[in-house]
Every structure is written in structure tokens, then in C-alpha cells.
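Peer 1: If you want the building blocks of each chain, they are given just below.
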Amino acid sequence: MTKTAQASEKRELEDLSRAVEALIFVSDEPVTTRLLSDVLEEDRELIEALIEDLVKAYDERNAGLQIRQVAGGWQLSTRTECHEYVRKFLKTRPSAKLSLAALETLAVIAYKQPVTVPEILEIRGVQSASAIKTLLEKRLIVTKGLKETVGRPMQYGTSKEFLLHFGLKDLTDLPSIEDFQDLVQ
Amino acid sequence: MTKTAQASEKRELEDLSRAVEALIFVSDEPVTTRLLSDVLEEDRELIEALIEDLVKAYDERNAGLQIRQVAGGWQLSTRTECHEYVRKFLKTRPSAKLSLAALETLAVIAYKQPVTVPEILEIRGVQSASAIKTLLEKRLIVTKGLKETVGRPMQYGTSKEFLLHFGLKDLTDLPSIEDFQDLVQ
Amino acid sequence: MQTELEQYSFDFHKETAEIVAESRDELKIKIGEFAGPLDLLLYLIRQEQANIFDIPIATITDEYLKFVRLMKKLDIAVAAEFLVMAAQLIEIKSRMLLPRDPSAEDDEEIEDPRKELVDRLLEYEKFKAAAEMLYEKSTVEQAVFARGKIDSDEHNAEINATVFDLLTVFEKVLARHKEEVKMEIHREEVSLAEMIRRLKTRLRSEGELSVIAIFTEMETRREMVTAFVAVLEIVRAEGVKLLQRKTFGDIILKEVRS
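Protein chains in written order, with the numbering used here: chain A, 1 to 185; chain B, 186 to 370; chain C, 371 to 628.
These are computed hints drawn from the structure, not numbers from a lab. Quick caveat, the model's predicted, so the values are computed rather than measured. Careful: at least some of the hints might be erroneous.
[What the hints assert, rightly or not] Here are the simulated lysine-lysine pairs, BS3-like style, with alpha carbons at most 30 Å apart: (1) B:Lys345 x C:Lys542; (2) B:Lys318 x C:Lys548; (3) A:Lys138 x C:Lys436; (4) B:Lys345 x A:Lys144; (5) C:Lys548 x B:Lys297; (6) A:Lys10 x B:Lys273; (7) C:Lys542 x B:Lys318; (8) C:Lys548 x A:Lys160; (9) B:Lys354 x A:Lys133; (10) A:Lys160 x B:Lys195; (11) A:Lys56 x B:Lys195; (12) A:Lys160 x A:Lys144; (13) A:Lys138 x B:Lys354; (14) C:Lys442 x A:Lys133; (15) A:Lys160 x B:Lys323; (16) A:Lys88 x C:Lys507; (17) A:Lys144 x B:Lys297.
From just these sequences and the hints, can you work out the full model?
Peer 2: Written as C-alpha cells, this is what we have:
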């Protein structure tokens with residue numbers, strides 16, 4: 001390859017990397033590698049490599065922002081270190097925490113999905129109706145159709161909102177439930 | 186000044202610069218130097234210097250984003266060079282959210298199908314013409330033939346697209362009030 | 371079934387439930403929040419520093435009952451599940467006291483009456499730990515912020531609704547519909563006397579009234595009929611005339627001053 005060709009290829013990669021950064025920024029929700037590769041008409045591997053470089057670049061220059069993987073896509077967000085200033089600026093307080101009952105119910109749904117109300121009752125040992133309602137209203141869980149069993153009870157599962165709220169890449173990002181066994185004994 | 190003092194001052198400046206970047210990023214509109222200096226409790230001159238450095242840093246690393254002065258404040262935006270990709274990307278996103286009117290109309294159609302325009306009017310109490318047009322355009326509803334009654338009005342029902350969008354196997358999968366009975370009480 | 375104990379904010383690291391002071395006439399406790407009977411049981415077992423695989427069932431049952439009684443005394447809604455668990459504990463306790471069946475063969479494994487409870491507790495404890503993990507993750511996540519709005523956002527939000535939204539919206543429409551029907555009934559209750567009074571007041575202040583305008587204002591047929599009768603009544607009894615200025619023109623209700 002001639003030097004000029006190399007130089008032009010480097011140039012093209014730079015343009016591409018800029019485009020990737022711009023698209024991650026404009027997207028109002030985490031953007032998938034697939035969508036980026038469709039829009040930019042480039043291999044997914046190349047796009048992934050460019051994102052990795054961008055992530056590193058943000059980390060290295062100690063920026064106030066970071067590119068991170070969440071809810072199945074890539075997102076530009078502030079770094080946790082600045083949260084006090086940001087909160088002061090936005091005049092927001094940490095949003096209301098979920099109750100213990102809601103958190104437990106959510107944990108059962110996350111690990112057992114799709115799961116019905118009686119199945120949740122079985123594990124928690126207590127009715128979870130109002131917790132489920134709260135979780136539905138907060139869009140942390142969604143209905144997953146009726147179960148083909150007596151009474152056809154409604155099944156529940158976690159939503160994309162759930163992944164976003166807890167900063168998870170996807171459901172496999174959840175630690176295995178069996179790992180908790182070792183912790184509690 | 187001792188070396189340690191210098192180092193600690195440098196550290197503080199870095200933190201401050203990160204905060205400035207984060208605040209410009211989270212703001213809904215261009216943010217003024219004055220507001221930044223109020224929130225960060227630092228001199229305006231210092232803030233201005235930090236912003237200048239940030240602007241330069243974005244320019245130098247040939248980023249896809251830029252910090253620019255607009256309408257009397259500072260704003261993070263994509264660089265003009267990427268506009269073609271950005272425009273293409275935004276086009277891939279489904280346009281316009283369902284309005285409350287459209288969602289209401291869709292709910293009535295989903296639960297009462299097949300249903301005619303006068304029947305929808307009867308239930309919603311308002312005209313639904315434009316909502317129905319939107320829903321047809323989004324292919325969430327389809328026509329279901331004429332009703333054998335005075336005026337032979339058109340009947341509407343939900344489409345296959347509707348099932349896909351809401352993650353339903355079929356219409357029997359649509360939750361009923363009874364399914365949420367435990368929750369709504 | 372009673373409503374569960376719910377919707378207190380809870381910090382795993384700060385809040386615990388503990389008996390603060392216990393004297394003959396007073397029992398003071400600081401209650402955090404128990405997410406259910408299993409949660410309370412785990413707490414009591416830990417409090418006793420007991421082995422979960424060998425629960426001192428008599429002690430734990432007593433403690434448990436003391437707690438439930440206390441909750442009642444303090445007027446804390448005790449969910450039915452807490453009482454069910456109390457009954458189960460008492461049952462296990464009594465089964466433990468039963469002498470071993472002498473006819474049973476020696477090598478036959480006798481099931482520990484506590485086994486089922488222990489299994490449930492172990493299973494529950496895993497999810498309790500998972501809940502704590504979620505709590506920690508959300509705390510970290512609350513320190514991360516997405517960008518502010520930019521111009522293009524307005525034009526490309528996805529359809530953002532779930533079946534739950536669909537159902538809730540439908541419920542609201544139906545409720546509103548019912549409300550409207552109620553209001554209609556209310557309007558229909560306008561009596562003839564009331565209608566006459568209203569028309570007279572308006573005539574007095576406006577001098578004349580268009581009959582067509584009056585009828586158009588009416589929302590239901592019933593009201594229209596009432597208005598019609600009211601007009602006839604006013605013309606018959608009072609110093610009021612009906613005027614029609616041209617053929618097929620509007621009819622005017624006009625006060626005739628004497």
C-alpha cells in the first residue's frame with residue numbers, strides 16, 4: 001500500500017469514528033452496533049472497534065462524559081464523579097427509591113421471567129399486588145402474555161427501562177442467582 | 186508554590202473542567218458562563234478559560250461533536266461534517282410518538298373491535314378522525330369491512346403490526362381488567 | 371387479603387428492625403420494614419444467631435408471635451400472610467414435639483418437619499440478596515445522566531407504550547364516558563320551573579331572546595322540550611310576546627313593558 005493510500009484510509013477511519021460519535025450523541029436512546037453499521041454501511045466489527053477506541057479515548061482524557069454499553073446499545077452520558085454538580089445544576093434530587101417489597105418483587109421477576117403473580121407469591125411468601133402495580137407504572141416491568149395454564153394468569157417480565165434504570169447491558173449482565181446462594185450461607 | 190500544591194491545584198482544575206463538560210451536556214438549552222460559574226462557585230474568568238480549553242480539545246481531536254457558542258450560551262452539538270449521516274440516522278427512527286388521542290383511539294379499537302367511527306366517538310366523546318388516520322398510516326389498525334347498519338360505516342380493528350408492537354401472540358393475549366384485578370382493586 | 375406492608379423508602383445499609391427496649395409495661399421497637407413473613411423469620415433467626423439448617427423452632431416461634439402481636443398493638447396492618455406463617459410455625463413446633471413413631475424402621479429417613487420451611491427460606495434469601503444488588507446498581511445509576519434535549523428529539527421519539535398503558539388508557543376513556551353520561555343525566559334534571567326562571571332572568575337583562583339560540587344551547591332532547599314548554603309558559607302568563615320579523619325568520623321572545 002502506498003503512503004498516500006494509507007493516509008487516505010486513515011482519513012476515512014477518522015471520518016467514520018466521528019460519525020459514530022455523532023450518532024451515539026444524537027440518538028435519544030442507546031444505539032445498537034447493528035443500527036450504526038446499517039446507517040454507516042460498514043462492517044459491524046469495524047464499528048465495534050471504532051466504538052472501543054472512542055470509549056478508551058473518553059476514559060483517557062478524563063472527560064466529564066463517558067460512552068458506555070447499556071440496555072443493548074451504546075450511550076453517551078455523564079460520569080458518576082460529576083453527579084453532585086449535575087444534580088445541583090438540574091435541581092433534581094435522587095428519584096424516590098423503590099420500596100423493599102417492590103425491589104424484591106422486581107428481583108423475582110428479573111430472574112424468573114416470564115413469571116406469574118402466584119409464582120411470585122410462592123417465592124416471596126407475601127402478596128405483591130401493589131408492588132407489581134408500582135413496577136408497571138414505572139415501566140420497569142411489562143406484561144408477557146397469558147400463561148397457558150389453569151386460570152390463564154398474566155405473566156410479567158422486565159423491560160428495556162429496567163436495563164436502563166439499573167445500568168445493565170442486557171439480562172445476561174445480571175449476576176447468576178445461584179451466586180447469591182454462596183453469599184447468604 | 187510547592188509541587189504537591191501545584192499537583193492538587195491541577196487536579197482540582199481537571200475536576201472542574203469535567204463538571205463544565207458534564208453540565209453543558211445535560212443542559213436542555215445553551216448554558217451561559219454566568220450560570221456555570223454560579224453552580225460551580227468559581228470565577229467567570231476561570232470558567233471561560235476552561236470552556237475555551239474544552240472547545241479546543243474537541244476541535245483538536247477531530248471529534249464528531251463540538252462545543253459552540255450559540256444564543257448567548259454554550260452547547261454541545263454534532264459537527265457539521267457529519268450532518269449527512271446524522272440526517273440518515275434520524276430518518277431510520279420511526280417518526281412522531283403516538284399522541285394521547287391516538288393511544289386512546291387505539292385502546293378503544295383494540296378492546297371494542299370491530300368498531301366504527303361513530304362508536305369510537307360515542308365512547309371517547311371526541312372526534313377521532315386524525316387519530317384514526319395516524320393509526321392507519323402506522324399500520325397499527327386496518328379496516329374490517331362495512332357495518333350492516335344505517336349509513337354502512339367502515340369498521341376498524343387492530344393489525345398484525347399491532348400484535349408485534351405490543352408483543353402479543355394474538356388478540357386473546359390482550360390483557361383484560363380481570364387480569365389486573367389483583368392490582369387495581 | 372389485606373394490603374401488604376409497602377411503599378416505605380428503605381435503605382439496606384441503614385435500616386434494620388430492632389427491639390429497642392423491653393420492660394414489663396412497655397415494649398419499644400424500631401421497625402424498619404419487613405417485606406413479608408419470610409423476611410421477618412430470617413431477621414429473627416439472625417437475631418438469635420441460629421443456624422438456618424437447625425432452627426430452634428420453639429424460640430423462633432415465640433419471637434415471631436411476639437412480633438406479630440406487637441405489630442397489631444402498634445396498629446401496623448398485619449398482612450394475612452404473617453398470620454399464615456404463624457400458624458405454620460406452631461404446627462412445625464408441635465410436630466417436633468411428637469415422639470418418634472416406634473414402629474418406623476431405624477434406617478428409614480424421617481423428614482425433618484422444618485425442611486420445607488428451610489428450603490423456602492434459602493430460596494427467598496437468594497432473591498433478597500438479588501434485591502440488594504439491584505438497589506446498589508440503581509444507586510450508582512442515579513449518578514449518571516443522559517444528555518439534555520436537542521432539536522432532533524422532537525421528531526423521532528418511538529411509539530412508547532405498553533399493553534398496560536393501552537389498558538389504563540382504555541379504563542380512563544371508559545371512566546370519562548361514564549362521567550359524561552352522569553353529567554347528562556344531571557343536566558336533564560333541569561326542571562320546567564328552573565328553565566322558566568332562567569329564561570326570565572335573561573329576558574330581563576337582555577330585553578329579547580332568539581328562540582333558535584335558546585334551543586341550540588340545549589344539550590339534550592329532554593332539555594329542548596323543557597325549554598319549548600318554558601317558552602310557551604312565559605308567553606302565556608307573562609307580559610312577553612313572540613315576534614317573527616320575517617317569514618321563516620328567527621322567532622324572538624320579547625318583553626312587553628307596560
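Peer 1: Is it true that the CA of lysine 144 of chain A sits at most 30 Å from the CA of lysine 297 of chain B?
Peer 2: It holds: about 22 Å lies between the C-alpha atoms, which stays within 30 Å.
Peer 1: Straight-line Cα separation of lysine 548 of chain C and lysine 160 of chain A no greater than 30 Å?
Peer 2: violated (35 Å)
Peer 1: Compare the distance between the alpha carbons of lysine 160 of chain A and lysine 195 of chain B with 30 Å, and conclude whether the hinted pair is satisfied.
Peer 2: Measuring from Cα to Cα gives roughly 40 Å; hence the hint is violated.
Peer 1: Take a quick look at whether lysine 160 of chain A and lysine 144 of chain A sit within 30 Å of each other, Cα to Cα.
Peer 2: With Cα atoms ~13 Å apart, lysine 160 of chain A and lysine 144 of chain A stay inside 30 Å; holds.
Peer 1: For lysine 160 of chain A and lysine 323 of chain B, compute the direct alpha-carbon distance and say whether it is at most 30 Å.
Peer 2: holds (22 Å)
Peer 1: Does lysine 56 of chain A pair with lysine 195 of chain B here, judged by a C-alpha cut-off of 30 Å?
Peer 2: Satisfied, since the Cα-Cα distance of roughly 22 Å is no more than 30 Å.
Peer 1: Is it true that the CA of lysine 138 of chain A sits at most 30 Å from the CA of lysine 354 of chain B?
Peer 2: holds (24 Å)
Peer 1: Just to be careful, I want the Cα atoms of lysine 542 of chain C and lysine 318 of chain B compared with a cutoff of 30 Å; is the pair within it?
Peer 2: OK: lysine 542 of chain C and lysine 318 of chain B at ~22 Å, within 30 Å.
Peer 1: Given the hint that lysine 88 of chain A pairs with lysine 507 of chain C, does the C-alpha gap stay at or below 30 Å?
Peer 2: Distance of about 22 Å is within 30 Å: holds.
Peer 1: Taken at face value, is the distance from the CA of lysine 297 of chain B to the CA of lysine 548 of chain C at most 30 Å?
Peer 2: With a Cα-Cα distance of about 16 Å, the restraint between lysine 548 of chain C and lysine 297 of chain B holds, given a limit of 30 Å.
Peer 1: Quick one, are lysine 442 of chain C and lysine 133 of chain A close enough, alpha carbons at most 30 Å?
Peer 2: Within the cut-off at roughly 26 Å; holds.
Peer 1: Is lysine 345 of chain B close enough to lysine 144 of chain A, meaning Cα to Cα at most 30 Å?
Peer 2: holds (17 Å)
Violated hints, in rising order: 3, 8 and 10; the structure is consistent with all others.
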